[in-house]
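Protein chains in written order, with our numbering: chain A, 1 to 325; chain B, 1 to 268; chain C, 1 to 668.
These are calculated hints, taken from the structure and not from any lab test. Note that the structure is a prediction, hence the values are computed from the model and not measured. Some clues are possibly wrong.
Okay, derived cross-link-like pairs now, DSSO-like style, lysine-lysine, Cα gap no bigger than 30 Å in a straight line [as the list claims (entries may be wrong)]:
1) Lys204/B with Lys263/C
2) Lys465/C with Lys204/B
3) Lys250/B with Lys232/A
4) Lys223/A with Lys644/C
5) Lys263/C with Lys194/B
6) Lys256/B with Lys644/C
7) Lys319/A with Lys607/C
8) Lys239/B with Lys258/A
9) Lys225/A with Lys204/B
10) Lys225/A with Lys111/B
11) Lys229/A with Lys253/B
12) Lys260/B with Lys299/A
13) Lys253/B with Lys319/A
14) Lys393/C with Lys194/B
15) Lys437/C with Lys204/B
16) Lys393/C with Lys204/B
17) Lys232/A with Lys299/A
18) Lys225/A with Lys103/B
19) Lys194/B with Lys465/C
20) Lys223/A with Lys437/C
21) Lys232/A with Lys239/B
22) Lys223/A with Lys111/B
23) Lys229/A with Lys204/B
24) Lys250/B with Lys441/C
25) Lys253/B with Lys303/C
26) Lys485/C with Lys194/B
27) Lys284/A with Lys256/B
28) Lys225/A with Lys194/B
29) Lys186/A with Lys111/B
30) Lys204/B with Lys223/A
31) Lys299/A with Lys194/B
32) Lys223/A with Lys303/C
33) Lys225/A with Lys607/C
34) Lys319/A with Lys256/B
35) Lys223/A with Lys194/B
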Amino acid sequence: MSEPVSTVITALISPTQERASAGLMGAGQRLSETVGAEHVVVACGPEDSESASGLAHGADRVLLVRSPALVRDRQEVWLQCLTRMGSELNPAAIVLGNDALSQEITPRLAHRLGGASIGDAQTLTAEEGHISITRSVYGGKAMAKVKLQGTPAVVWVRAPSMDPARGRATPGQIEEWDFATEPEMKIQLLETQMDAGEGDRLEDARIIVSGGRGLGGPEPFEKLKELAKVLKGQTAASRAACDLGWAPHSWQVGQTGKKVAPQLYLASGISGASQHIMGIADSKAIAAINTDPNAPIFKHCQFGLVEDFHQVIGPLQEKLAELLA
Amino acid sequence: MNILVCLKQILDPEVPARDFSLARSHLQADPTCADLVTNIFCENALETALQLRDRHGGRISILSLGPASVEDTLRKGLAMQADAAFMILNDTGHLPDSAATAKALAAAIGKLDRLDLILTGHESGDWGAGQTGGLLAEELGLPFIAFVDEIEETGPDRLILRQQNDSGWQKFSAPMPVVASITNSDHNLPRIPKIRDIILANRKPITSWSLGDLELSPDLFLPEHLLVRVTELTIPQAKGDCAFIEGATKEEKIGKLAEKIAAIARSI
Amino acid sequence: MNTGEATREVFWNISHGWIMYVLLLPTMAIAAYGIWRRFRSWRRGLPVAGRLDRPGERLLHLWNHALLQRHTMRERYSGIFHAMIFWGFITLTIATTVVMLDHDFGLPIMRGRFYLYFQSFFVDLLGLLALIGVAMAGFRRWKTKPVKLVYSDEASWILILAAVILATGFFLEGWRIVVTADPWGTWSPVGYATGFLSAKFFSLDTLTALHRWCWWFHLILVFGFLAWAPFTKMLHPLTSALNIYAANLQPAGASLKTVDFEKAENFGVNRLDQFTWKDLLDLDACTECGRCTEACPAHAVGKSLSPRDIILDLRDTLHRKGGRNEPDTGLIGSTDALRPERLFECTSCAACVDACPVSIEQLPKIVDMRRHKVMEEADFPETMQQAISSLEKRKHPFAGTESSRTDWMRELNLPHASEAQDAEVLVWAGCGTSLVKRNQKSIRSLAELLKKAGVKFAVLGRDEKCSGDVARRIGNEFLFESLAKENIETLKKFNVRRVITSCPHCFNTFRNEYPQLGAPFETFHHSQFLGELIKAGRLKITAASERRIAFHDPCYLSRHNGVTEEPRALLQNTSRNSMRELPRNRRNSFCCGGGGGMSFVDEPPDKRVNRERAEEILATDADTLAVGCPFCTTMMEDGINAAKGDRGIEVKELAELLNEATSGPNPI
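Construct the complete structure from the given sequences, taking the supplied hints into account.
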């Protein structure tokens with residue numbers, strides 16, 4: 001066992017959704033307990049003291065960073081802030097979420113602190129003085145356990161699929177962290193464009209209805225959209241369907257697309273290549289509609305229907321509208 | 001503009017499950033169980049560079065690290081019309097070694113003429129650690145942007161980079177030189193090379209360095225020296241306990257399916 | 001009367017007959033110039049081997065398809081009228097030659113019985129047939145108006161001219177008979193009747209005068225026609241005959257050219273001089289009959305591909321100053337028919353090639369132009385690019401497949417070629433069979449059948465790569481060659497000489513294309529091999545079904561290789577019910593839509609070739625569609641599922657059906 005360390009930092013720097021934040025908090029809390037370390041949560045503050053007190057229920061300490069410069073596009077500012085925090089607190093691990101900013105700064109933060117970094121952790125543990133994670137590799141065909149041999153271990157995790165933090169009897173302490181330095185901004189934000197799509201981003205969606213090559217053309221994807229509306233969910237597609245131009249690339253789920261973790265992933269006409277499964281493995285429930293009972297997708301399903309999607313979609317949507325009315 | 005694109009050769013991520021197998025060490029995949037291909041995000045990166053050169057001119061170098069077989073990846077890059085190719089020979093296997101990789105790439109970059117833009121794929125289709133771009137930027141002390149899918153030149157020393165983020169995209173102005181990791185979009189699907197270019201690419205020279213040539217320790221890639229080390233690799237077995245919805249009629253089955261879905265939808 | 005003296009006076013009623021000889025000179029000169037121009041333009045093409053060898057076979061081919069009009073006769077109405085016109089004019093030309101030999105060369109042959117039987121009666125009759133033929137052609141052109149024809153003024157004038165020349169001929173003959181009171185006149189019944197009727201309305205003096213004028217009119221028309229013909233499609237009696245003589249005597253599946261990548265300056269064709277001389281002769285051989293486009297499956301389902309218009313537009317470009325006035329941007333895209341997206345609608349089914357009565361090869365030209373788009377410009381449909389990319393990376397075109405090449409062999413314990421030196425034959429699965437889940441059942445059935453029959457065979461497993469067919473048809477000859485060479489090397493390494501495959505595309509490649517690369521194999525489609533096993537008693541039908549089986553002929557078996565009866569012989573054994581023939585069967589089979597790389601293209605739902613074929617199948621009373629090609633299996637299953645409604649019909653591969661029905665000495 002190497003020199004005992006005392007802190008696990010959970011960096012909640014760019015929350016995208018409640019569930020993702022909760023999962024991230026949970027991951028950090030459990031790791032800190034395994035390591036026997038203090039759990040420090042870093043968040044942007046202090047405008048919203050109410051949410052800060054919420055965080056305090058899952059942390060020993062909450063550090064609200066006070067800086068006018070901390071906004072989404074300020075990668076450099078967050079990097080400097082966390083670097084300074086890292087050098088002062090000497091954490092065993094810094095845990096980040098799966099938002100773009102966290103993913104972006106993970107390796108740089110590790111490099112600056114002389115630690116080790118990795119992304120897309122599905123589980124997070126500590127063994128023999130080192131942080132270990134598991135993650136899906138080789139296009140979903142294998143699961144690797146990876147030991148981070150540098151300290152701190154800087155890891156971003158699949159936050160939305162992780163269990164939330166256990167509530168503490170006594171909330172942790174809330175402190176403010178002044179970060180007055182304004183680093184030289186080499187990179188400047190010019191323009192921001194939000195997606196026209198309604199609702200959650202795919203990574204955070206609770207219900208996803210998804211279509212693949214088996215749908216046979218672009219038209220059925222319109223029907224999927226209607227079904228998603230009934231379920232208040234999002235639509236997605238397999239790579240094959242996106243490559244054929246039936247659905248936009250922003251819908252793509254899988255190894256080279258989005259990695260999602262909904263409560264229900266309903267796959268229609270998707271055979272279930274491992275690269276696709278890799279993107280949906282964290283779903284709470286997977287269901288499929290496919291004509292081929294031997295399609296690999298069914299191996300990953302909780303429930304499934306062997307039928308032709310075209311004959312199912314209409315009645316299914318009606319029935320669901322009725323049930324959920 | 002001088003652009004460098006880092007290309008990684010990987011085991012084909014589309015290898016059918018039945019063919020996929022582990023190496024005897026059980027710490028990596030059997031490199032002979034599938035074809036070796038260029039990582040798709042790296043190809044997206046090269047395509048992004050090619051489009052930039054098509055519009056603004058410049059020179060594109062490609063660099064790859066790995067065993068002798070990476071020559072195929074570099075030849076394909078040359079066929080896509082990269083101007084020059086460089087390889088760092090390293091036979092220590094296909095381990096997830098982003099930090100060591102970034103060190104080696106940075107050392108090679110030190111040997112090249114001044115670069116204005118350095119691109120990597122945003123992650124690889126084998127280990128998918130997604131760390132190399134950021135680490136390389138740190139090694140070189142350069143600014144970095146991840147998830148870039150479009151690049152425009154705006155002046156003699158600045159670029160506009162479009163980043164895909166959680167809810168849309170943002171455009172940044174960055175000074176050159178800059179490091180960016182490239183993700184896929186509708187606009188950077190790798191081009192198919194022309195046959196003549198494939199034939200010509202086979203005749204172009206490739207500069208090859210050993211770790212020693214780059215004044216790097218031969219131990220750089222030894223597992224015990226790596227910051228990230230694989231301790232276990234398993235092939236997960238799908239549960240295969242799907243409850244198929246049964247019913248006498250199609251209507252009945254659809255009804256049952258709807259109820260199952262509705263139950264989940266209500267619980268949210 | 002003494003028939004030995006029967007003859008007629010040449011130049012009766014005509015003075016200054018010498019003028020005819022004077023006019024003949026410029027006529028021949030103009031015609032010769034026209035022919036020379038065409039000849040000169042063909043010479044711009046590249047050399048090509050194997051087009052003038054084997055004169056015996058070529059003369060026989062010419063005899064059958066030019067003189068006997070066998071191919072033209074495949075279509076009844078137009079075949080009949082064309083033969084009537086063709087043989088009519090041939091006969092009239094011979095008759096005119098007889099006159100010339102007798103009158104100008106002093107050979108007394110226009111005498112006696114020959115004069116009566118041939119020169120009078122037969123010629124008169126054939127002339128009438130020709131006239132009826134022209135009338136039938138006119139009826140089609142101006143009344144029924146099928147879309148496949150080209151409605152040009154030129155074509156109309158040709159018919160009018162032919163009609164007037166024939167009619168004036170009969171008038172001349174009739175008036176001479178009636179005025180001279182020709183004692184042999186009744187031997188020319190049509191002429192006789194014409195004269196007889198004319199005499200009812202006109203005096204003999206008037207007829208004599210009319211005859212003189214009409215004679216010169218007729219002469220000028222004939223000479224005019226002769227001089228004009230080489231500048232119109234009426235050169236086709238010459239060009240089509242040459243083309244039929246120089247036809248591809250190989251199976252249609254062997255018609256694509258190889259490329260020498262070491263030497264070639266261009267890959268594919270975008271300029272006329274990149275075609276071979278035979279390709280250019282093809283263009284001038286075209287008679288605008290439209291049968292190719294009518295046969296084209298892409299065209300039939302409403303796509304814009306038209307092999308006829310491709311040929312005609314290339315021809316028009318060739319005719320403009322002998323082709324020197326080509327569009328700067330090249331041929332592809334220079335006209336509507338030559339638009340690149342149309343070239344990529346072709347399924348390479350060769351229905352056009354097979355339909356052409358004058359041996360034009362449309363398909364190799366389409367592939368030549370695809371080659372230019374693919375190899376020179378890398379500009380072709382995105383979904384085909386994905387197939388090509390996958391071929392480059394993984395040596396199979398099925399991007400995203402979850403199947404392994406060894407999936408189908410599970411539990412069969414099949415020996416790999418490296419460890420089966422005593423194997424009689426190698427089973428070549430092909431990507432379409434091993435990597436598409438549905439088709440694994442077919443190849444398993446084949447393996448089981450061979451095991452039952454006690455055949456010692458080997459497989460290649462993961463050492464098998466795409467035969468190259470898909471790459472070649474899409475137009476990536478470079479990739480084809482590299483895949484082919486890789487396979488040939490593997491097969492040589494394991495000493496493989498005999499190959500069975502259930503994929504007609506692989507079959508065609510092994511049979512016709514690997515030999516072009518110096519690697520001949522004894523190749524069997526499984527229908528052939530299994531048929532032999534039944535004949536030899538190694539497989540026995542023990543459980544014939546009650547299925548009503550219709551067979552969908554795969555293009556690469558039937559049209560490309562002439563294999564049509566073996567699958568039928570096999571199928572007839574498997575059921576007690578007789579086979580149902582689809583309306584379009586054997587060489588006339590209608591493509592499933594999956595060849596030529598098209599199974600990798602997402603077709604608009606209302607323009608799918610498999611739908612058209614599915615409807616044809618559903619209109620029969622068959623309950624089983626037998627297929628013999630992995631592409632057909634998936635295309636037809638999709639097509640039938642989309643179209644069948646409540647009608648039950650099962651798509652089964654040949655080997656699956658046979659496997660159900662047979663037993664053999666060995667247990668599986």
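**Prompt:** If you check each hint against the structure, which ones fail?
**Reply:** Violated: hints 7, 9, 10, 15, 18, 22, 23, 25, 28, 30, 31 and 35.
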